[in-house]
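Student: Here the protein sequences line up with chains U and D, keeping their order.
Mapping of the first sequence onto my numbering: position 222 corresponds to residue 210, and the numbering continues sequentially without gaps.
Going from the second sequence to my numbering is simple: count from 1 and add 3.
I should point out that these hints are in silico values taken from the structure, not numbers from a laboratory.
Among the clues, some could well be false.
What the hints assert, rightly or not - Partner residues aside, some chain D positions facing chain U, computed with beta carbon under 10 Å:
#1 Arg149
#2 Asp191
#3 Thr194
Claimed, not checked - Here are some chain U residues the structure puts well away from chain D; computed CB gaps all over 12 Å:
#4 Gly320
#5 Val458
#6 Arg465
Note that beta-carbon positions come from the ideal geometry of N, C-alpha and C, so glycine has one too.
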Amino acid sequence: MGSEFASYDILIVGGGLAGLRAAIAAVEANPKIKVGMVSKVYPMRSHTVSAEGGAAAALRPGDSYENHAFDTIKGSDYLADQDVVEAFVREAPVEVIQMEHWGCPWSREPDGKISARPFGGMTTWRTCFAADKTGFHMLHTVFQTSLKYPQIVRHDEAFVTKLLVEDSRCVGVVALDIRTGRFDAITAKAVILATGGLGRVYAFTTNGNICTGDGMAVAYRAGAGLKDMEMVQFHPTGLPFTGILITEAVRGEGGYLLNNKGERFLKKYVPNKMELGPRDIISRAMITEFEEGHGFEGPHGKYLHLDVRHLGEDVIDRKLPFMRELGREFVGIDIVKDPIPVRPVQHYMMGGVDVDITGASQIEGLYAAGECANVGLNGANRLGSNSLSECLVFGAAAGRAAAHRVAELQPVGSNPIDSLLRDEAKRIEATYLNKKGGKERMGVIREEMQREMDANAGVFRNRDGLTKLVKDLAVLRERFETIKIDDTSRTFNTDLISALELDYMLEVAGTIAASALAREESRGAHARRDFPNRNDEKFLQHTVAFRTDGPAPRLDYRDVRITTFQPQARTY
Amino acid sequence: MAEKTITIQATRFDPDKDARPHLQSYEIPFIDESMVVLDALNYIKTHVDGSLSYRWSCRMGICGSCGMMINGQSKLSCSAFLRDYWPKPILVEPLNNFPIIRDLVIDMEDFMHKLKSIKPWIIRKTEIPLGSGEHRQTNAQIDDFRQFSECINCMLCYSACPVYGLNNEFRGPAAIALARRYNHDSRDEGTKERLPVIADAEGVWECSFVGECSVVCPKGVDPAKAIQQSKLDTSLRFVVPFGNRE
Chain U
-11 MGSEFASYDI LIVGGGLAGL RAAIAAVEAN PKIKVGMVSK VYPMRSHTVS
39 AEGGAAAALR PGDSYENHAF DTIKGSDYLA DQDVVEAFVR EAPVEVIQME
89 HWGCPWSREP DGKISARPFG GMTTWRTCFA ADKTGFHMLH TVFQTSLKYP
139 QIVRHDEAFV TKLLVEDSRC VGVVALDIRT GRFDAITAKA VILATGGLGR
189 VYAFTTNGNI CTGDGMAVAY RAGAGLKDME MVQFHPTGLP FTGILITEAV
239 RGEGGYLLNN KGERFLKKYV PNKMELGPRD IISRAMITEF EEGHGFEGPH
289 GKYLHLDVRH LGEDVIDRKL PFMRELGREF VGIDIVKDPI PVRPVQHYMM
339 GGVDVDITGA SQIEGLYAAG ECANVGLNGA NRLGSNSLSE CLVFGAAAGR
389 AAAHRVAELQ PVGSNPIDSL LRDEAKRIEA TYLNKKGGKE RMGVIREEMQ
439 REMDANAGVF RNRDGLTKLV KDLAVLRERF ETIKIDDTSR TFNTDLISAL
489 ELDYMLEVAG TIAASALARE ESRGAHARRD FPNRNDEKFL QHTVAFRTDG
539 PAPRLDYRDV RITTFQPQAR TY
Chain D
4 MAEKTITIQA TRFDPDKDAR PHLQSYEIPF IDESMVVLDA LNYIKTHVDG
54 SLSYRWSCRM GICGSCGMMI NGQSKLSCSA FLRDYWPKPI LVEPLNNFPI
104 IRDLVIDMED FMHKLKSIKP WIIRKTEIPL GSGEHRQTNA QIDDFRQFSE
154 CINCMLCYSA CPVYGLNNEF RGPAAIALAR RYNHDSRDEG TKERLPVIAD
204 AEGVWECSFV GECSVVCPKG VDPAKAIQQS KLDTSLRFVV PFGNRE
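The shape of chain D in the complex, shown without the other chains:
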């Protein structure tokens, strides 16, 4: 019997040479049922065409590097199994809504700025000294923010967000979820500093609640919920009298 193969159609784009992206097709051996799309790309790079460019590292769904559009859906390529697509060809493209640097590599500098803009660190009026030990935190208090701390910054939510696609000024799902992660941490007192950022013109109010961000999240984070709850927080802020704002 002939060796089983699968066809990968990958976006190619080298700004030094190409006016626009195009597709290139590779037929590769599909020798193991455990193979994922990332394995197929690595096979191509090692044995067929070393110039195919993409990011990857942990290949266990935690480093967040290998997000791509796979047959039009936002996925981590390390977690997309060839067996779920075979015998049809698999279309592999860079994540939607981002500028392309090269082939499957997107430019995510915009997110890095947005991440910083929401002040993703613990803000306190007074620091407690290290010598006095840890803050006590109950499991219920952790449950209040835990899921939002699971974000791996993989950018799948941005690639699925129709609002971000139209207006990349929108702060976007992951950044707002992370703002909520800190706002709801019992150790944090920085909500007042973060609210103006998520309540401004490009903050939560842009969201039209399509909810695709939560659908594509590989880590079970629900950014759509974070955005809706933050809308409530920001509106309360304008209702509550000045002196009581926190």
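Only chain U is shown next, with the shape it has when bound in the complex:
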């Protein structure tokens, strides 16, 4: 193994919206900077592509930064860091305009300006959209725009197996080139993680196959903290069986949620907001309706109706064409004529790598942005359409911060990198490819983990379930050590990739369980049946999980930063 390896000023892991935005921001901040991008899929396959409803920005006359900030903070159940929210709401409109200049096909008002629609928990129309494929259009726009910068060099279909940390400084990654099976060290003065979410730790999720918590897991193993991992968002409207997302924009455009008596049952739960309540509360309302016998029974479990028939074909075709397509393709219904079966589904991770407002983690040279990060924006419950804007605002912030920081840092020496690379390649070969013995089927362990997470870390939680989950995950971890993978080829070995992903998922699932067990209150998406109330005295704090040598993480707590809005009762 030689000492030739790719080396950059900044290496970005992940090619979704946050990663691509970071890459462009870095080279625009300093055109002399060389940026590498490692992604386990071609960037346009990244899960940003599945975002539908829109991107929030206070652009319209009559809206204000203050209103967007307050909606976000109230939506977060006061667990958001308010200085972060205030910076975010100011930058979001600039970023939406930047996307427009790059060609994003935003839907337009008759006067030619960018359209906005109502969204859950937002008090005014501020969700900018490109029909109901906003994430798809934003991702392709920013990816195609990134192609014009020769300073951005991509390593597509390469999987990061660990961060290289030397003298407490992150200096790059080890990546497995999926196509050839070769292990590469890729060094950089700074690394930005933008690897997205972890929805695949659950069985029923809107998330694509690639959302396996990779960036969170490698950062955690390198010593970074994972913040607020108990805060997992369940979206109210997923299609039964597939978990395909039916956008909140359906309700934004006026759709009704109905129980089996034909009632708009949300009048019992969020009477002033109805279908435009926040996701955490609506998901709980739906589960409660199921428990009270007001759900429909289907071949794939209970469900409720999401009804847009009264909107008419014109509105549906103009504003929700993808929903009509999804209904036709995957359910065999025409949403113009039929109600849509829906039930709550895992959708988003508020928790993530603990970073400051610039995206910097506590490890020198390591940054994170987008869903894999927790910058403090979303607290205990993210408002729909804040996440696309978050990827832009904090992706750009991390790119700029890293660009400034690397100007002050020395290049990475090559000497210890060789041995780190050799050790990592040996570890993976011994653990997976050349393993002697081994008996457990990997996919079986994955499915058991997903079932356990659905059952015990879902919309409602309690001590017994979470205690059981902590134990069961520890047992699954032991069983994982005895897996046997079928595929020992070097070429495009997706069996190996799945094993590495499951390793990561077990890691992050453990932090979800431990953090959720320790938070003995209900706040935002974390609803404890045994502690049904919010407890500001004890838990107006972020949970930060650190890895230990034992099975359980060490949990630290840090005060939430409150600037303007004192916590109040959260009613809608």
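Could you slot chain D onto chain U? The hints should help.
Tutor: Quick look at chain D alone, frame taken from chain U:
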């Protein structure tokens, strides 16, 4: 009653071991009418044979990863329902017209270069500052390019294109549709830079207008139309006097 099953015949090819691709047959439970070909492949991978290799992610027809030949037709495997084939076996092969990396995984690097070659970004003589807000765009102006912006880069059109099958220098349907997407965007002024790329020997003139690209597109994009209209654009370019070319 015995459990309902379905047979999947999948292409297997590992360049480390195999001289050429061959088929392998798997009989799997067909337990739910909602199952798609991708679910069947995932069942095989999880429970039967973890070495079967293919790409997938969103399983909702938008990420563009899971294109395959299914009974000889170019399809997204997440949107091909088992019930439409049962009780007959389903033949699952890698997309036509591409080199095979492994099993159902094709090499699409060629497209990535072609995508870049058409300069798929907004080109302007002068940038307007961010502070001056958005460009105004009417819905009619958006309709001029919207359908071409719906391309998910799934490669089904390339796999169905007989011209690309014979000559992979041909720029191909998706790339030309995307060039048109930018050329017809009212915010863009880069047509002059893109036309030479789509008008060259490997550009639009190679197309023999079979139209299969538009038939197989899962997103309703009509690349055949983009190519025919671009032929008109490129020929006008040679008719219009030099000074007026844009």
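Student: Any hints from earlier that this structure breaks? Give me their numbers in increasing order, please.
Tutor: 3 and 4
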